[in-house]
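S.K.: What follows is each chain in one-letter form.
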Amino acid sequence: MSTLAVQDHGAVHHGEDHGHHHHDTFLTKYIFSQDHKMIAKQFLVTGITMAFIAMILSILFRIQLAYPDKAFPLMETLLGRFAPGGRLDSNFYLALVTIHGTIMVFFVLTAGLSGTFSNLLIPLQLGARDMASPFMNMLSYWFFFAASVVMLSSFLVQKGPASGGWTIYPPLSALPKAMPGSGMGMTLWLISMVLFIASSLMGAINYVSTVLNMRTKGMDLWKMPLTIWAFFLTAILGILAFPVLVAGVVLLIFDRSFGTSFYLSEIVIGGSSVQPFEGGSPILFQHLFWFLGHPEVYIVIMPAMGISSEVMSVNSRKPIFGYHAMVYSLIGITVLSFIVWGHHMFVTGMNPFLGGVFMITTLIIAVPSAVKTFNWLATLWRGNIRFTAAMLFAIGMVSFFISGGLTGIFLGNAALDINLHDTYFVVAHFHLVMGSAAIFGMLAGVYHWFPKMYGRVMNEKLGYLHFWLTFIGAYLVFFPMHFMGLGGVPRRYYAFTEFVEWNKWLSVNVFITWAAIMAAVAQVAFAVNFIYSIFWGKRATQNPWQANTLEWTAPVEHVHGNWYGEIPTVYRWPYDYSKPGAEEDYIPQTVPLSQTMSSNVQHDFEDNPAGLDAYAKFTAAKKSSEEVK
Amino acid sequence: MMMANIEQEDKLQLAPKKFNMWIFIFTSFMLFAALTSGFIVYSGGHGTGINIKLPAIFTYSTILIALSSVSMYLASKAARELQLQKQRLFLWVTILLGVAFFALQTYAWLVLLPQMGVFFINPNASQSFIYVFVWIHLAHILAGVLLLGNTLLGAYRNKPQVKNLFGMQMSSIFWHFVDIIWIYLYVFLLLNQY
Chain A
1 MSTLAVQDHG
11 AVHHGEDHGH
21 HHHDTFLTKY
31 IFSQDHKMIA
41 KQFLVTGITM
51 AFIAMILSIL
61 FRIQLAYPDK
71 AFPLMETLLG
81 RFAPGGRLDS
91 NFYLALVTIH
101 GTIMVFFVLT
111 AGLSGTFSNL
121 LIPLQLGARD
131 MASPFMNMLS
141 YWFFFAASVV
151 MLSSFLVQKG
161 PASGGWTIYP
171 PLSALPKAMP
181 GSGMGMTLWL
191 ISMVLFIASS
201 LMGAINYVST
211 VLNMRTKGMD
221 LWKMPLTIWA
231 FFLTAILGIL
241 AFPVLVAGVV
251 LLIFDRSFGT
261 SFYLSEIVIG
271 GSSVQPFEGG
281 SPILFQHLFW
291 FLGHPEVYIV
301 IMPAMGISSE
311 VMSVNSRKPI
321 FGYHAMVYSL
331 IGITVLSFIV
341 WGHHMFVTGM
351 NPFLGGVFMI
361 TTLIIAVPSA
371 VKTFNWLATL
381 WRGNIRFTAA
391 MLFAIGMVSF
401 FISGGLTGIF
411 LGNAALDINL
421 HDTYFVVAHF
431 HLVMGSAAIF
441 GMLAGVYHWF
451 PKMYGRVMNE
461 KLGYLHFWLT
471 FIGAYLVFFP
481 MHFMGLGGVP
491 RRYYAFTEFV
501 EWNKWLSVNV
511 FITWAAIMAA
521 VAQVAFAVNF
531 IYSIFWGKRA
541 TQNPWQANTL
551 EWTAPVEHVH
561 GNWYGEIPTV
571 YRWPYDYSKP
581 GAEEDYIPQT
591 VPLSQTMSSN
601 VQHDFEDNPA
611 GLDAYAKFTA
621 AKKSSEEVK
Chain B
1 MMMANIEQED
11 KLQLAPKKFN
21 MWIFIFTSFM
31 LFAALTSGFI
41 VYSGGHGTGI
51 NIKLPAIFTY
61 STILIALSSV
71 SMYLASKAAR
81 ELQLQKQRLF
91 LWVTILLGVA
101 FFALQTYAWL
111 VLLPQMGVFF
121 INPNASQSFI
131 YVFVWIHLAH
141 ILAGVLLLGN
151 TLLGAYRNKP
161 QVKNLFGMQM
171 SSIFWHFVDI
181 IWIYLYVFLL
191 LNQY
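One line per chain: the protein sequences are A and B, in this order.
Going by the UniProt record's numbering, the first residue of the first sequence is number 1, and it counts up by one from there.
Going by the UniProt record's numbering, the first residue of the second sequence is number 1, and it counts up by one from there.
Since the hints were made in silico from the structure, they are not lab data.
Any given hint could turn out to be false.
[Said to hold, decoys possible] DSS-like mimics (lysine-lysine), calculated; alpha carbons at most 25 Å apart, straight line:
#, chain 1, residue 1, chain 2, residue 2
1, B, K163, B, K53
2, A, K29, A, K41
3, A, K223, B, K77
4, A, K41, B, K17
5, B, K163, B, K77
6, A, K41, A, K617
7, B, K18, B, K163
8, A, K452, A, K223
9, B, K159, B, K53
10, B, K17, A, K29
11, A, K538, A, K41
12, A, K159, A, K70
13, A, K217, B, K17
14, A, K41, A, K622
15, A, K217, B, K18
Please construct the entire structure, taking both the sequences and the accompanying hints into account.
M.R.: As structure tokens, then:
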């Protein structure tokens, strides 16, 4: 009876033949869908689109940096008034840097990453039919979509998009007259961010509630895959951090549009000091911004960590090394991320004692980070490694996290930061540790869970090409920046070659730009692979990677409610790979211990005295039978 | 049929939805925590407090909102005991108290504070903060009144008791929170008067 009704429902796929109890129209299935799997795909496609846009922006300003004195007539054709005479307008350069950062941090690595994989995996890996509130989930996507549209629309206004940097520090952002980008463009930026925060919060509320309330039978917290732990803690970070940005932004809007003086003090624009502002504190904004801003970088990296942990364990055919340590490190990072925001403000005239406190908390974050890194490497150690495209990207994520993380120790030091602040050293650091690492985690997730999303597998060969070009490209782009930074080259300058002492770095800039162009071209391999595989890729089997987690027990075709009939029960943790004595090198979470007597170990029965008794009897019987032999 | 039943169970998911409300309250709390922290950073850094005695009207509005919490509690109690008449009555009382609170706060913002020379556009941002606190809290009051209205409408439409109770729980969680947040803000302002 039940299967009959369900198959009816599945038939909706083929067209007009609707199931009789649940009418899906094109609008409710593809546009205003409340199904978490469809919403995940919406987030992914929007996120990838935004990523390509932001990448093209970065190529534009990279060309300016490499050839500051050269005119490219094509630029004027493409950009019109933003590149008069074929040379990028200096204000537009700042706008490009700002919007590149904003899109990458928020729209790609927050919404694109968490939005896609939390939505896809939380219900599927926990054994839930959908999110706690599917309606709110839908709203979350559409707020995100609206935010994206508003953000991009700022390219259409006369004076161009916001250009005060993605951190939008006042007074630049608070005075519409301060620079062209502080006018309408800044207003649109603020509107977009308010929509974005609403989207993010609705998503995060759903994730937390679903993880805590809707796990299937047997799925206690310590049986959750590390992906879920990462998404769960990421959502908690978002819930605690984003409202603080709202507070900061609200006060900024009052300063911009109502004439209050929260952030603005006596100020001179164009030689006239007749401004109504008095007594405000720009540092207040930095406190509010970075109280969000620092947790934000962990919102970006933690999902990537979770995805990489899962992908590396599956493809090493080994249990993740130190599962509990991994979880406790994530928790440690979550807690610590709230007490380190001051390290972004070392040079604001902060009390050196306070700087010392922030320095210590910052450097302590190295401990859980190092624990995680060690565990990833130990997971690979003597593993039966399968180099799938997803695996390569996961390993790449670890590589970037190490090389970018090491420079964090320099920057977290209040004394060294006086030298390094606002130089290319910072740019190199965060592009490796949260930019490249997080995008590699996201790509690992795309390659790994593509079969779950589209029922097909992505092309491996193109995946390898994509990986190697991107991996090498990213290092070629960001590694030389360390040396520029140590040489004192400041970030965000339109043409630092105007200063004689930095002239010698121009050749490095040319090198970086060509590496960036190569890496950008490599993304075409991804785009082609992604789109081609959606329609014509090799059909996936139900469990293409032979993984243990629950999502692979769900049918390949998508059904509302994820599983036909009852939701599977969970009996074991998700990392029983290559367990000695087992018939195969993986044991899905749905296999009860009673079916794997030969591979059980005493440790499996820690909270289960009855099971332990049965296990003791079994081993005793085995021993005596061996003695008889 | 079976599938339909399963979907029915899933669609209700009342407990997780109630949990959503609790988390939402957390986000809201963080917003007010950020604003008051901002106040502390600002006034601590500048040595400029509010420097006025707050008008007495805030005490009266505080009494009103506290009373509305009592009537909200009585409405929930009546709903649990299936006394629909009483539930509606106390919901009405709560909504009216909420509206009265809104009116008093608006009066304070439009008339009293400007009369005292405390303006929103002000070189002493500590004073501007009073307005920000009041407005953002009033936005919450507005949302709360709408939520209460929705629950009241449900009570008139004789919803099933499960849904009626669910609606009551959702709105009382939120309403009590809005009440407590105002008391927090008021005490915070009182302590920072000078």
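S.K.: Against this structure, judge whether each hint is valid.
M.R.: Okay, the hints, checked on the actual structure:
1. B:K163 with B:K53: 46 Å, violated
2. A:K29 with A:K41: 12 Å, holds
3. A:K223 with B:K77: 40 Å, violated
4. A:K41 with B:K17: With a Cα-Cα distance of about 24 Å, the restraint between K41 (chain A) and K17 (chain B) holds, given a limit of 25 Å.
5. B:K163 with B:K77: 15 Å, holds
6. A:K41 with A:K617: At roughly 49 Å apart (the allowed maximum being 25 Å), K617 (chain A) and K41 (chain A) break the hint.
7. B:K18 with B:K163: 12 Å, holds
8. A:K452 with A:K223: OK: K452 (chain A) and K223 (chain A) at ~21 Å, within 25 Å.
9. B:K159 with B:K53: Roughly 48 Å between the alpha carbons, so the hint for K159 (chain B) and K53 (chain B) is violated.
10. B:K17 with A:K29: Holds. K17 (chain B) to K29 (chain A) sits at ~23 Å (cutoff 25 Å).
11. A:K538 with A:K41: Holds, at about 19 Å.
12. A:K159 with A:K70: Roughly 24 Å between the alpha carbons, so the hint for K159 (chain A) and K70 (chain A) holds.
13. A:K217 with B:K17: Between K217 (chain A) and K17 (chain B) the Cα gap is close to 20 Å, so the pair holds against 25 Å.
14. A:K41 with A:K622: Violated: K41 (chain A) and K622 (chain A) sit about 50 Å apart, past 25 Å.
15. A:K217 with B:K18: Satisfied, since the Cα-Cα distance of roughly 21 Å is no more than 25 Å.
Checked against the numbered hints given earlier, this structure breaks hints 1, 3, 6, 9 and 14; the rest are met.
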